[in-house]
Amino acid sequence: MKYLVCISKVPDTTTKIEFTDNNSKFNESNVQWIINPTDEWYALVRAIELKEANGGTVTVINVGGAENDQVIRKALAIGADNAVRVNADPSDAYFVASQIAAHAKAEGYDLIFTGKETINYNGFVVGGMLAELLDMPYISLAAKLTANGDTYEVTREIEGGEEVLEVSGACVISCQKGMAEQRIPNMRGIMSARTKPLTVVEASAEAPLTEVVSYTSPPARSDVKLVDADNVEELVKLLHEEAKVI
Amino acid sequence: MSILVYIDNAQGAVKKASYEAASYGAALAKQSGSEAIGVCVGNVDDAALAELGAYGLSKVLNFKNEALNDFEAGAVTAILAQAVEKTGAEVIVTSHNYNGKAVSSRLSARLKAGLVPGAVELPDTSNGFVVRKGVFSGKAFADVKINTDKKIVSVSPNAYGIEKGDGSAAVEALDASFDAASLKVTVKSVNKVTGIIPLSDAELVVSAGRGLKGPENWGMIEELAELLGAATACSRPVSDIDWRPHHEHVGQTGITISPNLYIAVAISGAIQHLAGVNSSKTIVVINKDPEAPFFKAADYGIVGDAFDIVPKLTAAIKAHKGNA
Ligand SMILES: Cc1cc2nc3c(=O)[nH]c(=O)nc-3n(C[C@H](O)[C@H](O)[C@H](O)COP(=O)(O)OP(=O)(O)OC[C@H]3O[C@@H](n4cnc5c(N)ncnc54)[C@H](O)[C@@H]3O)c2cc1C
Ligand SMILES: Nc1ncnc2c1ncn2[C@@H]1O[C@H](COP(=O)(O)O)[C@@H](O)[C@H]1O
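Residue numbers (my numbering), protein chains in the order written: chain A, 5 to 250; chain B, 10 to 333.
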């Protein structure tokens, strides 16, 4: 079985979000970069578990510049066998998906995993685009996946509950909590990651369909209005008359 | 330019998020002097679809096929693409709910139509077609320009709101090709918590954290939620230790919500929690620690013991409802 895991590089969850160049660019100075949490904790680890159980290889792919190699090596340290980096600025989701699709078409994978969404763009789109470009089923928000040959039973989240699906053949799965448990790379993993193959390929010509023109920070909330613990009626009144929410 | 709105549904009923997508599509149509047309794939009666006229749709195209009573993103996308071709629609609107996310992203790739996922406002068309969306998990907004002729927007739940007037939509069967044998996904079971408002749709949410000490103490939270007609939510540790089901977990690694009212009980307000809730319109925090970071992100707060405050609040709301 050949597994492909799409990993994105994002700012650490505690990063202060600021913009430069007249609010057209995210300020990357002093940012600590990590693998997007759902990609690392759930998509990557579940792929590694499946490989450990059934044999095969786990390839991670990232669309980005050379500065991404550091987080890609972390994925190798956690247990991926090899990595591919498409050397290009991940300008929009369609561009990213079409680069990954081009690689996946040439290689042929049995299962493709993505995280549920990136914590910087919050798109939730690359997986669906990829599935369409590869003409594969797309199961989003998977919380559980068990394999039986090339038939998979997948539990996915739906509004107010979950549903269990069966899918056969190659497909794209977006992963969330429940899929696997985070793995911390050990010393041996870190050592072996240095020599695992990380192939850099040039991007195919595809134009992005969208562009970010500017960023804004949300208006600051005004100071909290504290209500005395002995006067909850006052809170009800404020919620009714001022906030008009009840 | 006509506008198509994808009408998401489950078990024969139109989802609430679709009323919002319809309202958004209708407002956009009005802005551009055109009409908004719904497309439904599923098992919804024509009568229920005609009601979408009240949300501004002039017409709804209905595609029914037994094999599609359960949602399948690939098939819905293929049918929607045919509706786009038939109507010549230039903008396609979906909700940014679970199914809407899957359909809009597939359709974007299929039509090579630029997509803005999770729009929070109507597009600004004064200079191209620019749509605002949340980025960095609620910590900023991005204005995203779509540079293709066909455009897709998925609307973040509760961001635009539902606009209901009157009127009734003409319902027509959609003639589209579909091969049931091509389906590779089958739904084996659906486990839905019935009678409870799904968190993603909820306008009011009551949420609680580890400060409640154990699952046995959630009765008062559920009671308050029921009284308000609110959904219940929780912080991540609470779902990690199985005090609450994990579809209630909000935050960076859980779901992102933007209800009109979010009441946070005994939750500290860590940055990863805030990421999932800070676009709520009004935030109320109840915490015994006056230094809890959540107070900085709140509109209203009470410093005190949840076990004392929550029952009092429930009683006060009961009294208020009795008077109103
Ligand atoms: C990468 C990453 C991702 C994360 N993602 C998420 C996420 O998606 N969602 C999320 O929620 N967390 C997430 N976390 C965890 C987050 O950092 C916090 O640890 C978590 O939100 C804390 O949960 P809590 O507020 O319920 O518990 P605690 O931090 O233990 O806080 C409990 C609060 O209850 C108050 N309290 C105690 N007793 C009472 C009482 N009787 N009455 C009133 N108040 C009382 C305390 O003063 C305290 O403020 C993430 C962490 C990381 C590192
Ligand atoms: N630049 C990228 N390279 C590889 N995979 C990516 C990239 N960007 C996003 N992805 C994958 O697509 C998923 C969804 O991303 P998004 O649509 O941006 O929310 C992520 O969780 C990753 O698995």
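Derived from the structure by calculation, the hints contain no laboratory data.
A hint or two may mislead.
[What the hints assert, rightly or not] In silico BS3-like links for lysine-lysine, alpha-carbon gap of 27 Å or less:
hint	chain 1	residue 1	chain 2	residue 2
1	B	Lys201	A	Lys248
2	A	Lys248	B	Lys330
3	B	Lys121	A	Lys109
4	B	Lys305	A	Lys148
5	A	Lys241	B	Lys197
6	A	Lys248	B	Lys148
7	A	Lys241	B	Lys154
8	A	Lys229	B	Lys330
9	B	Lys327	A	Lys229
10	A	Lys248	B	Lys297
11	B	Lys173	A	Lys248
12	B	Lys73	A	Lys55
13	A	Lys229	B	Lys290
14	B	Lys197	A	Lys248
15	B	Lys201	A	Lys148
16	B	Lys173	B	Lys290
17	B	Lys121	A	Lys229
18	B	Lys73	B	Lys197
19	B	Lys305	A	Lys248
20	B	Lys73	A	Lys241
21	B	Lys330	B	Lys154
22	B	Lys290	A	Lys20
23	B	Lys173	B	Lys25
### Message
What's the verdict on Lys201 of chain B and Lys248 of chain A, does the C-alpha distance respect the 27 Å limit or exceed it?
### Response
At roughly 31 Å apart (the allowed maximum being 27 Å), Lys248 of chain A and Lys201 of chain B break the hint.
### Task
For the pair supplied as a hint, Lys73 of chain B and Lys241 of chain A, confirm whether the alpha-carbon distance does not exceed 27 Å.
violated, 48 Å
#### Entry: Pair hint Lys201 of chain B and Lys148 of chain A, alpha-carbon separation not exceeding 27 Å
holds, 16 Å
### Message
What's the verdict on Lys121 of chain B and Lys229 of chain A, does the C-alpha distance respect the 27 Å limit or exceed it?
### Response
violated, 48 Å
### Task
Compare the distance between the alpha carbons of Lys197 of chain B and Lys248 of chain A with 27 Å, and conclude whether the hinted pair is satisfied.
violated, 43 Å
### Task
Please work out if Lys173 of chain B and Lys248 of chain A have their alpha carbons no farther apart than 27 Å.
Judged against 27 Å, a Cα distance of about 19 Å means the pair holds.
### Proposed proximity, Lys229 of chain A with Lys327 of chain B (alpha carbon, max 27 Å)
Holds - the C-alpha atoms of Lys229 of chain A and Lys327 of chain B are around 22 Å apart, at most 27 Å.
### Task
Quickly compare the C-alpha distance for Lys121 of chain B and Lys109 of chain A to 27 Å and report which way the hint goes.
Roughly 18 Å between the alpha carbons, so the hint for Lys121 of chain B and Lys109 of chain A holds.
### Message
Hint check: Lys73 of chain B vs Lys197 of chain B, CA-CA at most 27 Å. Holds or violated?
### Response
holds, 20 Å
### Query
Going straight from one Cα to the other, do Lys305 of chain B and Lys248 of chain A come out at no more than 27 Å?
Answer holds: Lys305 of chain B to Lys248 of chain A is near 21 Å, not above 27 Å.
### Query
Does the alpha-carbon distance linking Lys173 of chain B and Lys290 of chain B stay inside the 27 Å limit?
Distance of about 21 Å is within 27 Å: holds.
### Restraint status (C-alpha distance of Lys241 of chain A to Lys197 of chain B at most 27 Å)
Between Lys241 of chain A and Lys197 of chain B the Cα gap is close to 48 Å, so the pair fails against 27 Å, i.e. violated.
When the structure is compared with the earlier hints, violations turn up for hints 1, 4, 5, 7, 12, 14, 17, 20, 21 and for no others.
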